[in-house]
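Respectively, the protein sequence lines represent chains A and B.
In case it helps, our numbering puts the first sequence at residues 1 to 270.
In case it helps, our numbering puts the second sequence at residues 1 to 270.
Treat the hints with care, since some could be wrong.
Note that identical chains are pooled: a pair holds if it fits in a single copy or bridges any two copies.
[As the list claims (entries may be wrong)] The calculated SDA-like cross-link candidates involving lysine to any residue, where the alpha carbons are at most 25 Å apart (straight line), are: (1) Lys167 to Gln263; (2) Lys167 to Phe270; (3) Lys167 to Ala266; (4) Lys167 to Thr218; (5) Lys167 to Asp256.
Think of the hints as simulated: they come from the structure by calculation, not from any bench.
There are 2 protein chains.
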Amino acid sequence: MYFAVAASYFAPVHLVAVVGEDFPAAERDSLAARGIDLTGLEVRPGRTFRWHGRYHEDVNVRDTLRLELNVFADFSPRVAEATRRVPYVFLGNIDPRLQAGVLDQFTAPILVACDTMNHWIEAARDAVEALLPRVDLLVVNDDEARLLSGERNVSRAARRILERGPKSLLIKRGEYGAILFSAGEVFAVPAYPLEEVFDPTGAGDTFAGGLVGHLAATGDVSHTNLRRAIVYGSVLASYVVEDFGARRLQTVSRDDIERRYRQFVALTEF
Amino acid sequence: MYFAVAASYFAPVHLVAVVGEDFPAAERDSLAARGIDLTGLEVRPGRTFRWHGRYHEDVNVRDTLRLELNVFADFSPRVAEATRRVPYVFLGNIDPRLQAGVLDQFTAPILVACDTMNHWIEAARDAVEALLPRVDLLVVNDDEARLLSGERNVSRAARRILERGPKSLLIKRGEYGAILFSAGEVFAVPAYPLEEVFDPTGAGDTFAGGLVGHLAATGDVSHTNLRRAIVYGSVLASYVVEDFGARRLQTVSRDDIERRYRQFVALTEF
Chain A
1 MYFAVAASYF APVHLVAVVG EDFPAAERDS LAARGIDLTG LEVRPGRTFR
51 WHGRYHEDVN VRDTLRLELN VFADFSPRVA EATRRVPYVF LGNIDPRLQA
101 GVLDQFTAPI LVACDTMNHW IEAARDAVEA LLPRVDLLVV NDDEARLLSG
151 ERNVSRAARR ILERGPKSLL IKRGEYGAIL FSAGEVFAVP AYPLEEVFDP
201 TGAGDTFAGG LVGHLAATGD VSHTNLRRAI VYGSVLASYV VEDFGARRLQ
251 TVSRDDIERR YRQFVALTEF
Chain B
1 MYFAVAASYF APVHLVAVVG EDFPAAERDS LAARGIDLTG LEVRPGRTFR
51 WHGRYHEDVN VRDTLRLELN VFADFSPRVA EATRRVPYVF LGNIDPRLQA
101 GVLDQFTAPI LVACDTMNHW IEAARDAVEA LLPRVDLLVV NDDEARLLSG
151 ERNVSRAARR ILERGPKSLL IKRGEYGAIL FSAGEVFAVP AYPLEEVFDP
201 TGAGDTFAGG LVGHLAATGD VSHTNLRRAI VYGSVLASYV VEDFGARRLQ
251 TVSRDDIERR YRQFVALTEF
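With the rest of the complex left out, here is chain A:
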């Protein structure tokens, strides 16, 4: 949801996902109202995936209290015929074997971005590593980068991960921003300094949505444009954390996005 809503500010979005019968009609309607194609949104008997967690006073740190896969447990995503030719693919954070199965269904994507998490790196490392050579842009946070690489230092971690196949690696660092590594290039952007981080849930997916959305809208996957895309991702993420869930993300305007993009220029130029 976070990815789809964020990306929908930039480009048409085709969502491939599963929810339970408890998924609120109002949420579905609000996705549809944003023009998001819900053909690929399956509704299965049972409950929607749930995550229960607690954020620390340092909102970069969170504990998982309970994780219920529910209808996700035996989800086998099927990409609709019309969706298989889309040029920009984002593989959300699910079992890497499912991510590979989804990716198989696309005919010739220009760019494949991929998220994962500690759980899969620990429980299915081989499958995560098998996926990496097929990925153009791996998007992880600093903990995940450390776990995947076995290195604490971010630059060494990035080198090890890039050796395993992805063309580029974006490491999200919470309140410290994000850093992009690819062959011979590094780009770092700070996070937008907010006095109140209300709810960081979904910030990572929102970041990815703004990023991939901008790439898809411009049709330009150059390194220069990838930098701009990362700033758009940072912009969207800076909005989503201002309120609970995706509330703020739903009300943000294209003007808000451009205004904060300019604030990022002012924040970083010298």
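With chain A's structure known, arrange chain B on it following the hints.
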């Protein structure tokens, strides 16, 4: 030492400090060889200040194992007549009452930068706060900013601290770079990504040395130039951590500095 050596790449430096009889002649010579004015370097009976610490695997975190003030304990800095008219003053991290006493001796500085640490904020908070209205640029790390402000969030911490008097506040964030706050302006710069942080000791003073050195060399305290100065500080800090102590700092060239400055441009531009 770190501050003086870093600043000496940019501008003439007059050091006001105290060491014990154990201070190596070779160190003194190497400072003099860099053109640093040592008139204000007192040698007192006893041992030089010593800090013993342990860095964690996360080099942003360190434990103080032992702190010996030694000749620092009853240091009462006296600024030489010829030095009192210098326009750029950096108050190194000592007792805030001594910092105030040093500052009293300067006739009309254009810019006063000031460092402090947790120890003084806890042990002499009133004296630290009394100094703040006399400071143009307070330079602290994120822990110190939190302690001084009572706020965890960096933006709120900065607002509280600026309310107490300094015109600008630079918060150093170790491997995440630095962020500058002043009325209506924020500037953030990432740290230079290094594969090996060998020894972070002195990185903060080195940062301040590059920063104040650049301001003094250019005679320009505009916000635009302060941003550039912060990048020069980041450049010098990125070198000093590459080797033990001030070794690397002693061998860096002006070309190295300019080359890495351009790498900072490449690292951050979008």
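Hints and how they fare:
In this assembly of identical chains, Lys167 and Gln263 lie within 25 Å of each other by CA distance solely across copies; the values are 21 Å between and 29 Å within a copy. For the homomeric pair Lys167 and Phe270, the shortest alpha-carbon distance between copies (19 Å) is at most 25 Å, but the shortest distance inside one copy (29 Å) is not. Proximity of Lys167 to Ala266 under the C-alpha cut-off of 25 Å is restricted to the inter-copy arrangement: shortest distance 19 Å between copies versus 29 Å within a copy. Taking identical chains as interchangeable, the C-alpha atoms of Lys167 and Thr218 lie at most 25 Å apart only when both belong to the same chain, with a minimum of 20 Å there against 42 Å between chains.
In the homo-oligomer, the alpha carbons of Lys167 and Asp256 never lie at most 25 Å apart, since the shortest distance is 31 Å inside one protomer and 30 Å across protomers.
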